[in-house]
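S.K.: In order, the protein sequences belong to chains A and X.
Numbers 1 to 269, taken from this note's numbering, label the letters of the first sequence in order.
Numbers 1 to 324, taken from this note's numbering, label the letters of the second sequence in order.
Mixed in with the good hints, there may be bad ones.
As the list claims (entries may be wrong) - Derived pair list, reagent style EDC-like, types lysine to aspartate or glutamate, alpha-carbon separation capped at 16 Å: (1) X:K84 to A:D168; (2) A:K183 to A:D168; (3) A:K183 to X:E112.
Calculated directly from the structure, the hints in this document are not laboratory data.
The structure presented is a predicted model; accordingly, all values stated were derived computationally and were not measured.
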Amino acid sequence: MRTGPSPIPEEGLEEGSGPTLVGRLLVPLGVLAGAFLLWEAVVRLRDVPIYLVPAPSAVFRRLLEEPGYFLKAGLVTLQEALLGFALGSAVAFLLATAMAHSRPLERGLLPLAILVKVTPIVAVAPVLTVLLGFGPLPKVIIAALLTFFPVLVGGITGLRSPPAGALDLLRSLRASPWEVFIKLRLPSSLPYLFAAFKVSITLSVIGAAVAEWTGAAGGLGRAIWLSYTDLNMPTLFAAVLVLAVLGIGLYALVAVAERRLLFWHESAL
Amino acid sequence: MSPDTTASQLCVSLRNLSKTFYNNGRSLTALLEVDLDVRPGEFVAIIGPSGCGKSTLLRLVGGLLSPSQGRVLIRGRSPQDAQKEKEVGFVFQDPGLLPWRTLLGNVALPLEVNRRARRSDPADAMPLGKHAGRRGTASHQAPSPRDLLALVGLAEFEGYYPWQLSGGMQQRAALARSLAFGPSLLLMDEPFGSLDELTREAMRYELLRLLQGAGGEGHPIRHGGSPTAWEPWPGRAGYERTVLFVTHSIPEAVLLADRVVVLSSRPGRVVADLAIDLPRPRPPSLEEERDFQSYTSRLRHLLREQAPEPHALEARTPGHAVHG
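Chain A extracted, bound-state conformation (with noise of 0.2 Å):
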């Protein structure tokens, strides 16, 4: 937090709060041993049939099993993700620089936006599979669209973000609008870009494997229609437990990202 003034700095930012690594990650690991406790527990007393819903064990065996199928389907939806983030992402960034430094832009521009944005995904996702194929594009194009609006947004409202004063400053200074741009309206940028992209790492994830589920060659969201179709549930909550560590995965690398950026932010001190 930003408190009042005092001339003595701050000391043990580094540090972080208080404890560890390991201690930090203490507590969510309990809270999820906890919960596949809980599910194992309720599954063998209810004797749930595995078609149905199947122990944890029975899911982590099924993983230990053919680690490789799913590492292979995971890699693919990764590629597709991460290319549909940096795409979208970029997209995004570049028109959100056009829309912050004029208004007439965004008025036009946002309305088609928010077109995208509210197109219902699974709508799109068949219409690309048929138009592109079975291969990564439509996914990365999917995984593209939705990362794409919360960075439009984020962009916009960040590089109009800076105080009114250091924009003052530079024109005083007669700093042309490149400088302006990379000294002042970027750095300012980041504290809303990257809650943009924390909401949009996981949302690529998403969207890649919806997009497979209409139709593709690999990646966990196959995995996860093909199992469905002939009901096998383990193969099908393992490859869920991926996708689910993926998105965790990119998220934290994202918030690693933000922390090491954004020292000088509210959010990080």
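Given the structure of chain A, go ahead and fit chain X onto it with the hints provided.
M.R.: Frame of chain A, contents of chain X only:
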């Protein structure tokens, strides 16, 4: 002012300057027909009731706004041209330091932007008039950001980030930043306005020290100071340091300034131009002296006359403001 004083010999020259803001079909005249001349080396404080257009005046001089009528000249050129040559430093009420830069990085910022203008230093080519050569010892090499931080007493904090420091320290860093390219004209818009009273008072003397040399050294820079006097504000060769200072505080204006210009309530026009004939350097004890207090009471009186009755303000505004 002698009749042969031309605009190019003046540091700042405002003629018939008006500024009207238009917003949703309504207009608001902030400044009306202001004439003001500032000679090189002068410290001019601008004081007036709140909303009288003091800040607008400063922003016009700094080229952040363009006038609706009249003209602004800085050493005979437009504010934009003066700024292209990095002659004008700005200090705002908000320090406006970038939180992702260290103090040193913030002070260096002015040197990083608009580089094209920087090294074609016009100081040597400019007509310097009778002041030529008086600043013989001053270097026209811009001072280093590190030196500037030392100048405002923040040498050991160069690696800290602004949010790790107090408001007073931040404003001192902003002051150092405004001096980064050795400006000959410093525009200060209520620079100490957001500070607490104690810090504010300390900052006044800090600024005095910057302007007139080490306190008590007895070498006032202006009023015929010798060329060997220690000059703590590193400026360009051949230029005297000129300050235009907007404030709400009467004692602040009297303590710092050579002249205090009083603006009327909106629309702002010059109603008084009072020379402050107090010797420099000005020690803290000055504030207790009778001369000092007679200046403050005169100014207080002038300002009280300006405080408008609410309806008087409204009756006056439309007549001037609604043209468009």
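S.K.: Which hints, by number, does the structure contradict?
M.R.: Violated: none.
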